[in-house]
Amino acid sequence: MLSFAQETDTKDNTIFKQFLDNLSGSLETNGQWYTNDAVLGDFEDPNPTFDLRNEHVRINSYLRLDYSFLENFTVGLQAESYEPLPLINYYPEYNDTRIATYYANFRNKKLDITAGYFYEQFGSGLLLRAFEERQLGLNTALRGGRIKYTPTDYLDVTALYGQQRVAFDVSESDIFGFDTNFDFTKAFEIKGLNRLSLGLSYVGKKEDFTPPVNESDPEYEFDTTDFPEMINSYSARVDVDFGNFYFKTEYALKGEDVYFIPEGQLGQGNVQEGKYFDGNALLFTAGFSKRGLGISNTFRRMENMISTAERNAKNIISEEFKFNMQNLNYLPTLTKQQDYSLANIYIYNAQPGLIIKDFAGQSGEIGNSLDIFYNFKKGSKLGGKYGTKFTMNFAYWALLDDEFNQSESTYNAEFFKFGNRLNRDINFEIRKKLNKNWSSIFTYINTIIDKGVTLGGPLGTQGDIKSQIAIVDVTHKLGRGKSVRLEGQHLWTKKDRKNWVGGTIEYVASNALSFYVTDIYDYGNDNEFSTETKAHYYNVGGSFTKGATRVALNYGRQRGGLLCVGGVCRFVPENTGLTLNLNTSF
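Numbering (the numbering used here), first residue to last: 305 to 890.
In case anyone wonders, no lab produced these hints; they're calculated from the structure.
Quick reminder that beta carbons are idealized off the backbone N, C-alpha and C, glycines included.
Take every hint as true, because none was put in to throw you off.
Derived CB-CB ranges, DEER-like:
1. K414 with K685: 53 to 61 angstroms
2. G688 with G449: 56 to 64 angstroms
3. G345 with D473: 33 to 41 angstroms
4. Y859 with P350: 20 to 28 angstroms
5. S684 with K786: 25 to 33 angstroms
6. N326 with F435: 25 to 33 angstroms
7. G449 with N601: 35 to 43 angstroms
Based on the sequences and whatever the hints tell you, model everything.
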């Protein structure tokens, strides 16, 4: 009996160990205790719909579990909690603890089948991108089914159906998608080309439409003649890579859909009767690279390219529009993503939407971004003993050159002509190792940006903000994994809150432990009519890492304005508080 019991225990332990070996997951918790501030004022939630008895304490938590079995199968889920309330400026429907997503997947060498929630991107995302970005409160996963078939190494096909996730629910629309890629280089063994491929995509959206009621004339019947119940969009792309050169281009056509009249025109965000508009986008990237040198230029033109799972999400007075919810496609800002705090004050935000107005109308954007990377060799005059890395970025973005007839709700946009400038950005960066213990980064940024882009409001009517930024960042290695980093920043401008100064001191005690103090201050703010007074936006904190677990704690002030992650931006309010972040994986 004793021997039998021991064998049973051993078998149970083996099964449990095998279960754990096949189980993987992660836990992320971001909590903040918002405090009243003598300078910034008492904490007020921008969303008045919440029960604010516990308004000062907010926690967002994400638990992801994945289990693999029988070699080809995987199941998983993600549970999310926003208790007692979500962090400020998150979509209000994030207000509970639930299983948010789940899936089952089968995969072998040629077939990949998923049922449940899944993420996907067609091409560069001009038509479709389902993704998660927790820092912005975005999760646009599709709930439905997806099949990927790869019969050869030069052909793949994807077909999908789903409804987009909206907080803990899904959209009231059906999304259909098809995507295929064909690599001519591999199929026909073309010599002299690294890659020549063609990609084709289709995205369809079907959504019921309830005509709005005319409050002044309830008997009036809304004209739904030729109403587009199914929105069909298409794209084609070509990738060419030969020698040291590469070219990528994609063109997308978005099907006709309704137009929402902006707030203040003929009502408050009403649907325009009998008017339907399509959209288009052109993306072209060309580059050259060899050892020590890289050049890349991206051109993009977008016209009325906002695409959402539900039509109302395009209504500028809707909650969905305010929080960037229900976007089907991916239209990121194509300027340099900045690492430093002052460089993130006046940042560009892509403008793909349509607003028909005789004054301050817009139909999209056009522009380009150029990047140059060069490494000066070790031993050269500019390279010195350790070499020098130089990067330059130039970006220019403008409205389309367009004309509007507000009374008839029509417009016309030139294809390759530039309209009013929205942003001009020049960045220079030099990375230089001074000796075995000292390294440095020198940055200079010169920016001209339309006030409406960075501060909100109509474009092309409020004037520009011109600014210059200089940054010095040096790191001193102390040995045994210890180091000190010192950072100084200064921003010059005659507009808005005028000059800023900033600095950071960071001490790394070991590979596991670090501390920092940082502050930015708008010392030049002398505008007596401004609602924003001078303020030190300071932060004090540290982090501890052990294995796959990281804990970070900090206290300080958050400057309000545009927050951008991966080229996707939204406005956030300023606040003060204690923040705790926990990340672990297993």
